[in-house]
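Undergrad: Sequence:
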Amino acid sequence: MTRSPPPKQPRSARAIAPHSADIVTANELRSKTFPPVKYVVPGIIPEGVTLLVAKPKEGKSWLALDLCIACTTDRFTLGSIKPTQGDVLYLALEDSERRLQRRIDKLLPAFGGAWPERLSFATEWKRTNDGGLAALEAWCNSVADPVLIVIDTLAKVRPPQKGKQTLYESDHDAMAGLQRLANARGVAIVVIHHLRKMDAEDPFDTVSGTLGLTGAADAIILMKRNPAGIFLHARGRDIEDSESALQFDKETCRWTILGAAAELRRSHERRRMIAALQDEGAPLKVDDIKRCANLRTRNATDI
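Each residue of the sequence shown is one higher than the last, beginning at 791 in the working numbering.
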């Protein structure tokens, strides 16, 4: 006796294979609603993992510590930016408690009250593959409103490279666990890292490591010095590309954003052109102005 095949079920009634449980149709995605992206520093540091990159001794740890204090004392950072308030953890893995105390005392010289209770520190931490990631999640569970974790530096918490891993895979793995935690908890994790020595036309190509590192980050903020000063470059999935001029105050050890880099660079180049004309005491041809003012391009001379 020949049996008839069972009737086909509508697509919506079919059992979903275990590996397909996270698949969503375009029509289902259309009707989903999501909370807006949260920012610790509007337009610069969103929730997720952000790489803060600069050369050694460039002042990136001062910037990160000032941000942590601002997030827990309701004060401004980078000049006039008010960051999100909440609980903050700073992993100062290249510092001692003595040096941390000295730095905070420098950043809070006139702070009459107790130092912020919502800001916590650790100078030692396990690597992410050896309990460090679980410890970060435990800290998130232990406070009322975790908003920011700073890891100074990536080299101190990243897993060691496995035997057959490529450098790309190793770099990607170094960020993957942190990114999962940040996205699951809606917190910002700022990871301090270094630039490589070799320069590049695109500043973001000077981040030490492979594209596995920069590609896994949700945002990158990069401090880079050139003859006109030091600039903060920002790029990410949830922020617009930007380039701002920075200034460091040696008395307060605080960074300030002066404005858009393009405007300040044009002003700097104008001053050099005026100085070149004044030194010459006579009109100059465009190519001569470019040479005397040490301008890199003809376009800079034409501004």
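There could be a bad hint or two in this list.
Lysine-lysine pairs mimicking BS3-like chemistry, simulated, CA-CA at most 25 Å apart [said to hold, decoys possible]: (1) Lys954 to Lys916; (2) Lys954 to Lys828; (3) Lys872 to Lys946; (4) Lys896 to Lys828; (5) Lys872 to Lys987; (6) Lys954 to Lys847; (7) Lys896 to Lys872; (8) Lys896 to Lys916.
Per label pair, the in silico range of CB-to-CB distance [claimed, not checked]: (9) Lys954 to Asp864: 22 to 32 Å; (10) Pro846 to Pro950: 40 to 50 Å; (11) Arg917 to Asp995: 42 to 52 Å.
It should be emphasised that the hints constitute simulated quantities derived from the structure, not laboratory data.
Computed from a predicted structure; not experimentally measured.
The beta carbon of each residue, even a glycine, is placed where N, CA and C say it ideally should be.
Undergrad: It remains to establish, for every hint, whether it holds in the given structure.
TA: Each hint, compared with the structure:
{"no.": "1", "hint": "Lys954 to Lys916", "verdict": "23 Å, holds"}
{"no.": "2", "hint": "Lys954 to Lys828", "verdict": "38 Å, violated"}
{"no.": "3", "hint": "Lys872 to Lys946", "verdict": "30 Å, violated"}
{"no.": "4", "hint": "Lys896 to Lys828", "verdict": "30 Å, violated"}
{"no.": "5", "hint": "Lys872 to Lys987", "verdict": "34 Å, violated"}
{"no.": "6", "hint": "Lys954 to Lys847", "verdict": "34 Å, violated"}
{"no.": "7", "hint": "Lys896 to Lys872", "verdict": "20 Å, holds"}
{"no.": "8", "hint": "Lys896 to Lys916", "verdict": "29 Å, violated"}
{"no.": "9", "hint": "Lys954 to Asp864: 22 to 32 Å", "verdict": "50 Å, violated"}
{"no.": "10", "hint": "Pro846 to Pro950: 40 to 50 Å", "verdict": "22 Å, violated"}
{"no.": "11", "hint": "Arg917 to Asp995: 42 to 52 Å", "verdict": "27 Å, violated"}
Going through the hint list in order, the structure does not satisfy hints 2, 3, 4, 5, 6, 8, 9, 10 and 11.
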